[in-house]
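A.B. asks: Each chain is listed here by its residues.
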Amino acid sequence: MSDILTIRGLRIEAPNGAVLVHGIDLDLKKGEVLGLIGESGAGKSTIGLAAMGWGRGGCRIAGGTVAIGGQEVTAESPAGRARLRGARIAYVAQSAAAAFNPALTIGRQVLEGPRHHRAMGKAEARAWMLELFRALDLPDPDHFGDRYPHQVSGGQLQRAMVAMAMSCRPDILVLDEPTTALDVTTQIEVLALLRRLIQRYGTAALYITHDLAVVAQIADRIQVLRHGKPVELGPTEQVLEAPREDYTRRLVGERQASLAGEPRRHEGGAELLAVDGISAAYHKVPVLSDVSLSLRRGETLAVVGESGSGKSTLARVITGLLQPTAGSVRLDGQALPASYTARGRDLLRRIQLVYQLPDVALNPRQTVGEAIGRPLGFYFGLKGREQKQEVGRLLGLIGLDPDFAGRLPGALSGGQKQRVCIARALAAKPDLMICDEVTSALDPLVAEEILRLLRRLQDELGVAYLFITHDLGVVRRLADRTAVMQRGRVVEQGPTEEIFTPPFHDYTGRLVASVPELRRDWLDQVLATRATA
Amino acid sequence: MRRIPPTAWIGLAIIALNLAALLFGPLLAPYGEEDILGGPFDPATALNWFGLDQNGRDMLSRLLYGAQMSIGVSLAASLLSFSVGLPLGFLAALRGGWVDTVLSRLVDTIMCVPVLISALVVLQALGSSLPVLIVTIALLDSTRVFRLARILGQGINVMEYAEAARLRGEGAWWLIRKEILPNAAAPLIAEFGMRFCFTFLFVAGLSFLGLGIQPPYADWGGMVKDNQQGILYGLYAPLYPAAAIALLTIGVNLVVDWLLAGRTRPQGEGR
Amino acid sequence: MIPLILKRIGLGLFTLWLVSVLVFAGTQLLPGDVASAILGQSATPEALAALRHSLGLEQPALVRYGQWLWGFVQGDLGQSLASQQPVADLLWPRFWNTMFLAAYAAVIGVPLAVGLGILTAVRRGGVFDRAVNILALGTVSLPEYFLGLVLILVLAVQNPVFPSLADVYPGMGFAERLDATTLPMLTLLLVTVAQIMRMTRTAVLAVMDSAYVETAYLKGLLTGRVVLRHALPNAAAPVCNVVAFNIAYLITGVVLVEAMFNYNGLGRFMVDAVAKRDLPMVQACAMVFGAAYVILNMIADIAAIALNPRLRHPR
Amino acid sequence: MTRWDLPSLETTRRGLLLGAAGLGLATAAGGFGRAFAQDTPRKGGVLKLGMGGGSTTDTLDPRVMTDWVPLNQAFMLMNGLVEIDRDNHAVPELLESWEAKPGAAEWVFAVRQGVTFHNGKALTVEDVIYSINLHRGETSSAARAIAQQIKDVRKLSDSQIAIELTGGNADLPYLLSDYHFLVVPEGFTDWSKPIGTGPFVFESYEPGVRSRFTRNPNYWKAGCANVDAVEVIVINDVAARTNALMSGQVHAINRLDFKTVDLLKRNPKLQIVQSAGGQHFTFLMDCTKAPFSDNNIRLAIKHAIDREQLLKVALRGYGQLGNDHPIPRTDRFFNSELPQRAYDPEKAKYYLKQAGMSDLKVELSTSDAAFGGAVDAAAIFRTAAAKAGIDVSIKRESPDGYWDKVWMQAPFCMAYWGGRPTADQMLSIAYASDAKWNDTHWKNDQFDKLLLEARGLLDDAKRKEIYWTLQEMISNDGGAMIPMFGDYLDGVSTQVQGVTPHPMFNFMGGRLAERVWLAA
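Top line first, the protein sequences correspond to chains W, R, S and H.
Residues in the first sequence are numbered from 1 upward in steps of one, following our numbering.
Residues in the second sequence are numbered from 1001 upward in steps of one, following our numbering.
Residues in the third sequence are numbered from 2001 upward in steps of one, following our numbering.
Residues in the fourth sequence are numbered from 3001 upward in steps of one, following our numbering.
Think of the hints as simulated: they come from the structure by calculation, not from any bench.
For glycine and all other residues, C-beta sits at the position ideal for the given N, C-alpha and C.
Treat the hints with caution; some may be incorrect.
To be verified - Okay, the calculated beta carbon distance ranges per label pair:
(1) Ile2299/S with Asp3359/H: 57 to 65 Å
(2) Lys284/W with Glu2058/S: 51 to 59 Å
(3) Ile1189/R with Gly410/W: 14 to 22 Å
(4) Trp1009/R with Gly410/W: 22 to 30 Å
Stated by the list, open to error - Distance condition first, Cα-Cα at most 30 Å in a straight line; then the derived DSSO-like pairs of lysine-lysine:
(5) Lys3312/H with Lys3387/H
(6) Lys383/W with Lys1178/R
(7) Lys1178/R with Lys30/W
(8) Lys3395/H with Lys3443/H
(9) Lys1178/R with Lys429/W
(10) Lys2007/S with Lys284/W
(11) Lys3395/H with Lys3449/H
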């Protein structure tokens, strides 16, 4: 099989001159799937787009060549490159919701490619679209095209995106984290459909992701990247079972730990938080119905569920940001007023919230020292040198150098910012810290460190955690007890160990079963069992 | 700070020039604001670089004195407008509820009556002395500032860091000073530039209608009006004040474009 | 979507009512008693009292406001103090003149400005973009009356292409009326086209940075088609607001242009009415301008709602 | 220099003054520019006039009308009783001839026959009597002060009327030339659509905006009403007015801007019509309101104005110095021996001390409606007054409605007066105690007595002696500061033929539309 895509010595520079990709060689045979693995900043998406002769945000190809089926893309004029895009090589974005134009119907956007490249006649293009819709299991394929993007679900839109990419029967598909934005359960379906489509039409693909388990199910070979440089290249089995490079080993090790992970048991501690019969709604649309759970001092309770299950809403009710329609929340037996504005300063101190996106959780115009120092001054009246000293101590506690106090958030990495948020919460010496998806926006290795930090802090300070997440790996490693939520209800709660050993509650079972494992045949096995069940 | 492009440098230079005229205008002026030196529209000579105006007074001196009047009034009006519009706008954003509704409705209503008409009614009622002029323009202008401040405030208030501060129990004043204002600075400075330009041209317009700054005080808008006859005969007289107005407005617009460069929406709204 | 529009119309009417209250209160501010304004020098105390009674000036402000508003709603705008003629006869001809000039400038200006805005956005950073922007910056920075002056000099005095006097009278031919109002129209055009163009460009650029525009490029489309098919439909809403705001300026901010070209419009007429403390006239003019403003903003908001795909096709 | 060559203004103006002096016309300095072609009048074309001096509150009711636009429009529609020609002599109009009985207290006037109104009705004696009586008795007419002298108006025959005066007045014909005495059909009251015997018939009229009248086919005056129609467009803004003339959109404009007249002269397509005469510009102090009730204050202010500078800068030399009284140098009763008051800050301070003040702050209301460049003139006065310890703050009023809201109401304001054929008429309309337009509210019984006495005298020498004292009284005690007399300056396209200067008012004494014709 001849090479359909050959990249030699690819160098890409950002508008400010920073080099994003330092000379990459890459080959892709017809019908082959190559996985590109690495943390954010490794340059995965940049390479994928460069293969299409496109620079995002002003990046430009500073060196090297890209050839598709022998035709050199880098030598082409912009118009020449445009003729290739969509026709010979097509792109599937991470968030289909953003990638579809809200003002046009899905059908029109899918048919736009073939009509523009005059790849096929109008009727033929339409027939091919319907075939793709059927191949991708989209509901009511004949009329699906007439709907607008905001009238269909996230999973359906993602599959429509794949249909749009395949509309011109391209030779190569660039799949840029196509399933990351989806819930675990929908992720399996899209992955399976994608794999069948590629195999049926013999399309080559670059599969870009940071999740080793997902790429294991679909890629023939894996290229590991770090900071724009190649780390290791090899067949999937070899990279997973016998990684040669140390960095790859750490990546695989971390993914392994998240799947296994030995649960913890926390003994004793009086009941700290009691939530009973809580119901809540946004603009009269019910989101939580009759939720009850409790948390003891120093214990970690995980609340797990897919998006839309109401777990974040629960956090907002407990902190008083959202008034419940029914039920009550008690801290140390004392009933908490429904709105935070009615709560005294000490009550507010004892519950602290850490957000998912560290970039927007810190005021860009306040230094780290000010951010952490403010709660000290506000709650405990610590001022001046005393405050500076305590800030230094807290920074040390979360593993950052005290001179970070003078920096602005803009100068910190995602992981460092999240550490500062945790320090800010600890400054209030809270009884309870609510962590709302604190690791899901971070790279796997960085997330690992944050989890380890949180466990150490709990052991030292005895603070209780209410941990909200959709990642079962996190739950296994951190939570003493777990509550599983589905569509606003707690379907199951109890010690983590019991929850995650069969026999499973059916919803929990499906959740556990949907988390991809680090072996090549996992997807085939799940599909097989699902076919028989 | 981002690298300052050449256009912004030009803008800043023009603003500096005008500030100098504002502060030291009268000192630099070769003649008095009202000294009559010769016949109307006498051409430029060594003594009078820009020639004489319609009353035979030195054009350069009147431009320098006029700077104090034109820029001074507009600056004062813009500053007052911001000091009224900003806190109210942020308060409406933070408090929401009835405070926000009442203030917004009031502002919408005032904005419905065109600025010029409202200014006219008030100026006629209270006479167009300088303080009345400044306060009237400032109050009318603060409605626009209120609107922007409210949008900016709402954009920032919905951000997590603002929510975290509220959850801590911070007071409204602290939230405005520490959380919202620092982040709204760049768009607000740009807005100040735009509001200044609008006020500057508005005051000039009022003078053109004979209602703004009363004679014999020089103000650039009034000077264009008084000397406009000259243009029909190829005289430069009206060109100097008009050029002065245009130069300052262009200068400010250049800086404003730079400040807003790239950021098409107020900071924080992009979420 | 319909309920949204109805709500907006309701809001508009409510705002209009608030405007009437503001206008009525505002004009009470004007010093000088209405009666003495009519009688002038030969005002004897008895004549003043008699006149005040006949005009019903002693009744409480609320009652007078009620009567005035009720009259306004029925189109009876009351009697002009200065010229003893019904306000309506003086107001409406001038109102249509102002509307004519505003429409003339809008019909040419808006498409031109939106077109330029899109072109400069598409060719962002190019020579054309920079040149047009500098020109726009120039016209925005110059006062209207100076621009008008230059136009008169170049297009009326030095080479008499257009009349410098916008002299319009009832029964004038349409072409003749267009010719007479060309110079004021051009003055308005220069100012508003620059404004609308700059804001359209910003609105289009904001959309050009979105993910679906990148998707369109990645489908192999070229800039022109990407802007027309993908960027424009989503930039339409903000552009509508900008256009409405500027048309409102056309109607109301035009006083200076009317004064310069001696154009018999409502703006200049109101300025005189305020000077003469002709209260009924001032109230009527302010209400008419206010109504024009509110209606325009309402149309813009409704257009924005109609053009917003999410609202047009509810889930 | 620029492609518009800029000759120094000084030279051209000096040349002008010599030219005018050279003409030495006793009563009216001749205008110049293109020589006036005196060939025969041509019928046809539409005359378009751009006029300043109109307001949306104008009316064509002869009793109330003020300012230039209504005056010209009235003359287009209606004829007067007696007309003043370009040499300041009273010539017959609708009154064909007259003779005075001895003592000039009784007069017999012959009414012109064969004249018809626009509605076809023939002009009768009753119409004339009705028209005169409009200004007599309980009326708010501005001409009441003049008409008071008329004791009785009687019909003698179908073609003659008799007028009996309270006292002899040799100048009665001049009196009847006042522009308020216009003739309308008996019993006529609809002033929104006047019917007269004038050169043009009413077509459309919008106060303060525009009017259009069409030619009266059977107009009785020979060689008049030559254009098919005349349109008056009201343009109060001097710049817009001048633009309209220069761009050829109107054939003629009145009230040129003194400052740019010399520049306008260089335009070959235009002719400047300059008429020296009775027009004078006044600073009016209301003698009934403090601080102007104290004559010391009035004298202080009269000494605090630099008349030479004002004439040179504000009027660019198009005028003469004024001596604080309304009688022009060209009038036979002009008091030539009254010392010309000059700018004397020290004397002004002296009078202030007399009034018990060290310095004075006054507010001067003004607008370009008062006269072209009035606001600038106020600024010039302010600089001069400052040196005399008088701080004059200027309040610029809106031009529209100036004559209703500011004139005769503000304590200190500015105004203009058109010329009057006789000293008696000028003094009685503005300075007699009970005059409706006594805009300084100056009451002086001695003055009233002498004025009446002079009116009845036939002996010119004695009348002169009285008028001289009257001028002295106004100058030294009156509330009007009259620093300068200003020439009338009209700009007329060369297309318009038959234009001549006139001492009384601009636009040929208000009768331009009737007389001129358009070149082919």
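A.B. asks: Please work out if lysine 1178/R and lysine 429/W have their alpha carbons no farther apart than 30 Å.
C.D. replies: 23 Å, holds
A.B. asks: Quickly compare the C-alpha distance for lysine 2007/S and lysine 284/W to 30 Å and report which way the hint goes.
C.D. replies: 20 Å, holds
A.B. asks: Look at the Cβ atoms of tryptophan 1009/R and glycine 410/W and judge whether their distance stays inside 22 to 30 Å.
C.D. replies: With Cβ atoms ~25 Å apart, the hint holds.
A.B. asks: With the threshold set at 30 Å, check whether the alpha-carbon distance from lysine 3395/H to lysine 3443/H stays at or below it.
C.D. replies: 27 Å, holds
A.B. asks: When you check the alpha-carbon spacing of lysine 3395/H and lysine 3449/H, does it fall within 30 Å?
C.D. replies: Judged against 30 Å, a Cα distance of about 37 Å means the pair is violated.
A.B. asks: Against the range 14 to 22 Å, how does the distance between the Cβ atoms of isoleucine 1189/R and glycine 410/W compare: consistent or not?
C.D. replies: 19 Å, holds
A.B. asks: Sort out whether lysine 3387/H lies within 30 Å of lysine 3312/H, counting only the CA atoms.
C.D. replies: 19 Å, holds
A.B. asks: Take a quick look at whether lysine 1178/R and lysine 30/W sit within 30 Å of each other, Cα to Cα.
C.D. replies: Violated. Lysine 1178/R to lysine 30/W sits at ~58 Å, over the 30 Å cutoff.
A.B. asks: With 51 to 59 Å as the target window, see if lysine 284/W and glutamate 2058/S comply at their CB atoms.
C.D. replies: Check passed, 53 Å falls within 51 to 59 Å.
A.B. asks: Return holds or violated for the Cβ distance of isoleucine 2299/S and aspartate 3359/H against the range 57 to 65 Å.
C.D. replies: 60 Å, holds
A.B. asks: Hinted pair, alpha-carbon criterion (30 Å max): lysine 383/W, lysine 1178/R. Please report holds or violated.
C.D. replies: Holds - the C-alpha atoms of lysine 1178/R and lysine 383/W are around 17 Å apart, at most 30 Å.
Violated hints, in rising order: 7, 11; the structure is consistent with all others.
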